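**Q** Protein chains in written order, with my numbering: chain A, 1 to 316; chain B, 1 to 257.
Because the hints were derived from the structure by calculation, they are not lab data.
Among the hints, a few may not be true.
Unchecked claim - To spell it out: a stretch of chain B is covered by chain A in this simulated footprint if at least three of its residues, at any positions, have a beta carbon under 8 Å from a beta carbon of chain A; those stretches are:
1) 80–90
2) 95–102
3) 181–193
4) 231–238
What the hints assert, rightly or not - Listing some non-contacts, in silico: residues in chain B with all C-beta distances to chain A over 10 Å:
5) Y76
6) F106
7) L107
8) V143
9) A151
10) N153
11) H160
12) G178
13) R209
14) I226
15) L244
All of these numbers come straight from a predicted model, not from anything done at the bench.
In this text, a Cβ means the ideal position worked out from N, Cα and C, and glycines have one as well.
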Amino acid sequence: MLKEYFIRRALYLLPVLIFISFMSFSLIYIAPGDPAEIMMTSPSGGYDEAAVEAFRIAHGLDQPFYIQYLNWLKHAAVGDFGYSYMSEQSVFETVLDAFRNTLTLSVLALAIALVIAIPLGVVSALKRNTVVDDACRFGALLGVSMPNFLQAYLMIILFSVIIHWLPASGFGHGTDISYMILPAIVLGTGSAAIMMRMIRSSMLDVMGKEYIQTARGKGMSEKIVIIRHALKNALVPVITVIGLSIGFLLNGSVVVETIFGWSGIGNLVVNSILSHDYMMVQGSVLFVAIIFLLINFFVDIVYVWANPEIRYDRNS
Amino acid sequence: MAIFAGILAPYDYTEKNLQNRLQPPSSDHLFGTDHLGRDILTMVMYGARTSLFVGFVVVCISLAIGVTLGVLAGYYGGWLDEIIMRLTDSFLAFPSMFLALAITAFLGQGLKNMMLALIIVEWTVFARIARGSTLDVKTKGYVRASRWIGASNGYVMIKHVLPNIISPVLIMATLGIGNVILAAAGLSFLGLGVQPSTPEWGAMLDAGRTYVTTAPWLMLFPGLFIMTSVLAFNYFGDGLRDALDQKMKYTELEGRF
Numbered sequence: 001m002l003k004e005y006f007i008r009r010a011l012y013l014l015p016v017l018i019f020i021s022f023m024s025f026s027l028i029y030i031a032p033g034d035p036a037e038i039m040m041t042s043p044s045g046g047y048d049e050a051a052v053e054a055f056r057i058a059h060g061l062d063q064p065f066y067i068q069y070l071n072w073l074k075h076a077a078v079g080d081f082g083y084s085y086m087s088e089q090s091v092f093e094t095v096l097d098a099f100r101n102t103l104t105l106s107v108l109a110l111a112i113a114l115v116i117a118i119p120l121g122v123v124s125a126l127k128r129n130t131v132v133d134d135a136c137r138f139g140a141l142l143g144v145s146m147p148n149f150l151q152a153y154l155m156i157i158l159f160s161v162i163i164h165w166l167p168a169s170g171f172g173h174g175t176d177i178s179y180m181i182l183p184a185i186v187l188g189t190g191s192a193a194i195m196m197r198m199i200r201s202s203m204l205d206v207m208g209k210e211y212i213q214t215a216r217g218k219g220m221s222e223k224i225v226i227i228r229h230a231l232k233n234a235l236v237p238v239i240t241v242i243g244l245s246i247g248f249l250l251n252g253s254v255v256v257e258t259i260f261g262w263s264g265i266g267n268l269v270v271n272s273i274l275s276h277d278y279m280m281v282q283g284s285v286l287f288v289a290i291i292f293l294l295i296n297f298f299v300d301i302v303y304v305w306a307n308p309e310i311r312y313d314r315n316s
Numbered sequence: 001m002a003i004f005a006g007i008l009a010p011y012d013y014t015e016k017n018l019q020n021r022l023q024p025p026s027s028d029h030l031f032g033t034d035h036l037g038r039d040i041l042t043m044v045m046y047g048a049r050t051s052l053f054v055g056f057v058v059v060c061i062s063l064a065i066g067v068t069l070g071v072l073a074g075y076y077g078g079w080l081d082e083i084i085m086r087l088t089d090s091f092l093a094f095p096s097m098f099l100a101l102a103i104t105a106f107l108g109q110g111l112k113n114m115m116l117a118l119i120i121v122e123w124t125v126f127a128r129i130a131r132g133s134t135l136d137v138k139t140k141g142y143v144r145a146s147r148w149i150g151a152s153n154g155y156v157m158i159k160h161v162l163p164n165i166i167s168p169v170l171i172m173a174t175l176g177i178g179n180v181i182l183a184a185a186g187l188s189f190l191g192l193g194v195q196p197s198t199p200e201w202g203a204m205l206d207a208g209r210t211y212v213t214t215a216p217w218l219m220l221f222p223g224l225f226i227m228t229s230v231l232a233f234n235y236f237g238d239g240l241r242d243a244l245d246q247k248m249k250y251t252e253l254e255g256r257f
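Isolated chain B (complex conformation) (with noise of 0.2 Å):
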């Protein structure tokens, strides 16, 4: 849906008709218009794109740093392995809205700005999912077999340790998902994030706040949708942990934001 936007949208997102403004449900507008006259259906369709991008793209690039520094962690163990872990616990001992809010702060709203925020924020999950993992799978006789017959270290990291770590991180990722979409509808609710020109489900949120007692399905309609992808992916990643046994504790998982 998110994809085909373009197509499936009844209106134009930058449609404005004053004359049409905080109009309730109708046929003509499924969800209503809001305080700029706009589709609130055609938003919330063009918000998908904008909250699912920052939610892949964050957990994309967050999985690669933290993964890159967990395996490294997991692997070498001595002095890296207790810099990269003390550097981890730094960054979680900030409960992680308070950490992203204060970059946000710091470095001035927008989208970027919210994203890198949230990747700042969301490493140390992989890092650590990682690193556990790449311990476990180290004692692994394979492993120690290919380092055995003198397999580089690089090549082992990539080729056995890398293909066995992944489920777990996977799991994580979905999870991950869902968190960050979450997040990143809490900034913008705040006013931190996207700037509100731009349809996005937490930004429709903000400025749906004003309106709530005479207009609620301003706010109801996204938050429903956020509500909905979110589900959709902890849904997801549950079956996947179901389906792959992974033995993860919810302490790993839960709690994040």
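Excised from the complex, chain A in its bound form (with noise of 0.2 Å):
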């Protein structure tokens, strides 16, 4: 059951990965300007033809749009992603880097995350309708609507202009952790607010079980009920939640990195824009959307894996 689940799913990697390749390619191409002309435009504002029709040439720009992408993929797949058209650094290297970076702030973000959602995720459902409850639901509403901006600002004025005990923005060589604290807490506590109402809510589907109410029926005490449990099954969907919290992860990474100046693949794809590193931007996107796909995948088969009754038919 679980290998055939596994096998469907991997043959269903196949055309998307297709895809999320060919539409990587093709942004260039949704361009409006010609990135030869682009790139060898001098900063007076005019170019040289010939050193532009050079550069096309050198990077395969003059071949039609097939081959060009045939080429590329051929490449691509092997892991060469080409070159930066600014720094003519290896676009795969670069963004491998960033990504390392990216990771061990997203992994301090997670761990911050899961130790304030799964608390309060389990005593808002376990005080279901009381003010405990609204209060913990209201504040994981404010959390889902604050955008990240703002509060990473609000957390700058605060920590390192009005108390002076963090630095507000840098990367201190990736080592010094004080430069981590600011970025993970505002990348940790959004996702902990869509963590807690997950939680709550997988809380409260498990307490109405009937494996509760026999485990009470046998006269436990409500805290070993809840503990062994309770909890226990309620935290399976936890692993989706971790699933789930990579995308708001990635995704809150260009915001929280681009104003903390964390070197990762948010800011690198920032950076990237902003320069026309039309390279950077592409092999950027299409990394982070593999990486993206194959850990939902990793996610979707430890799921079934954690809960072997569930039965995934082609259409669920």
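Using the supplied hints, reconstruct the complex from the two chains, each of which is provided in its own coordinate frame.
**A** Okay, structure coming up:
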């Protein structure tokens, strides 16, 4: 059953992968400017026709669309995303470096999110429809609606400008944890809000199940019922929650990394866009999409593995 | 308030007064003035127009595209379903902010391009929800009966399927407006949305970045307005869901932007 599901899901990946590679590649063609002309235009405005032509040939831009795509795909499949038009550095290596930094930040953010969301989600479910529950739910709603850039600046004002505890922005060579704290809190509290709502509803689901009634009927103390039976089962969807949070964290990284000057993938994409480094934008977007797709794939598999009773028919 | 901005606003949003720049909130300028001496309250009011316009238009167009494709996929099934759903999966494979960024990056900045990018990101949500609900409705007796007495497929889809999938779609649309406002503000904040001269909340925040320590009200007020309006749409969407007693999973709704 699991094996079958695994194979079917893996087969679904193939057309999606081909399509996202095609989408990423086509991006360059929806741009109004010609990359060769943009690159070869001098600051004074004029450009040299011969230099543009040479650049085009050097980067294969003179060939028909489908040949360019196939060539590009051939290289991309083995991890060669080309070279930055700006710095001539390998796109893949730059993207990989940036992604590593994003990953570090995301792991910390995820930890913060789980630490906040699990207890609050559980308490909110147990104290359903009380003031505590209302407060938690309102807090979560606030967290979902708060733009991360607003939160980021409020925190910079508070922690860096008023009480001088933490640096406002910077990278600190990727090892100094004090640079990570603020961005990780901004990212973490945002996803904590989403997680809390999901944990609350899954906990409520579980509390209504028969085995909880049975456990209570057997005379177990409420504490043991909650910890051993309800919580354990309610945490299975946390796997899905984590999977979803990856998307949230990646999306959030764009704004948060830009504000805090963290050298991650979001920052890289924004900077590449501002400097018209098309190859870099294309490579980063494709890389993020593939990683995101694979993470979701594994989350799905783990979820089914943890829930053997769930049936996944084709149309579910 | 957005509609009556022209009457309510105390000043003209283009009115610049460099002697009055970066004034803190006062009785003359309730929310203070910006780096060009423009009244922030006025700009926030006009900004509401832009943000709500973007939210409504993007959601309406995405809804039209998504629901059409979703109903077709769910109703006919087979290879059509396969193609439409793999297409949806492919768009969903990109984290939404990256896809929207990439599209605005390559199309060039501006209000229209930003809206186009947001539509490309947003339609998938509606396609999924419409398809799922159509699959449910399809098995119902009245749909089968209608087909049995010889109604055409088009007639069944419009007369029977559409009215019965409308409530989950409406809930999604309400939450979607909040999401789109948030995403649009994010893109403008990064300098990839509307031109800085247009009064728009995200662009105002971007302009205020330079003065965050000296004149925090430049960022605070538009930021609070974004939050309040997104909160309102989320609250309304949650309320709708409770009222219509939809067993919608959070997984369908959350984690978009």
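**Q** Does each hint hold? Answer for all of them.
**A** Checked hints:
For the region 80–90 of chain B, the stated coverage by chain A holds: 4 residues have a C-beta nearer than 8 Å to a C-beta of that chain, and at least 3 were required. Judged by the Cβ-Cβ criterion of 8 Å, the region 95–102 of chain B is covered by chain A as claimed, because 7 of its residues qualify and three suffice. Only residues whose beta carbon comes within less than 8 Å of a beta carbon in chain A count, and the region 181–193 of chain B has 7; three or more means the coverage holds. Check on the region 231–238 of chain B: 4 of its residues sit with their Cβ under 8 Å from a Cβ of chain A, so the three-residue criterion for coverage holds.
With a least CB separation of 13 Å from chain A, Y76 of chain B remains clear of the 10 Å interface cut-off, as annotated. A beta-carbon of chain A comes within 10 Å of the beta-carbon of F106 of chain B; the shortest separation is about 4 Å. A beta-carbon of chain A is positioned within 10 Å of the beta-carbon of L107 of chain B; the least distance is around 6 Å. At roughly 16 Å from the closest C-beta of chain A, the C-beta of V143 of chain B stays outside 10 Å, upholding its exclusion from the interface.
For A151 of chain B, the condition that its CB be more than 10 Å from all CB atoms of chain A holds, with the nearest at approximately 23 Å. Every Cβ of chain A is farther than 10 Å from the Cβ of N153 of chain B; the closest lies at roughly 19 Å, confirming the non-interface assignment. No Cβ of chain A approaches the Cβ of H160 of chain B within 10 Å, the least distance being about 19 Å, so the stated non-interface status holds. With a least CB separation of 7 Å from chain A, G178 of chain B falls inside the 10 Å interface cut-off, contrary to its annotation.
For R209 of chain B, the non-interface assignment is contradicted: its Cβ lies about 8 Å from the closest Cβ of chain A, within the 10 Å cut-off. At roughly 5 Å, the least C-beta separation between I226 of chain B and chain A is not larger than 10 Å, which violates its mark as non-interface. Once the 10 Å rule is applied to beta carbons, L244 of chain B is consistent with being away from chain A; the minimum gap is 16 Å.
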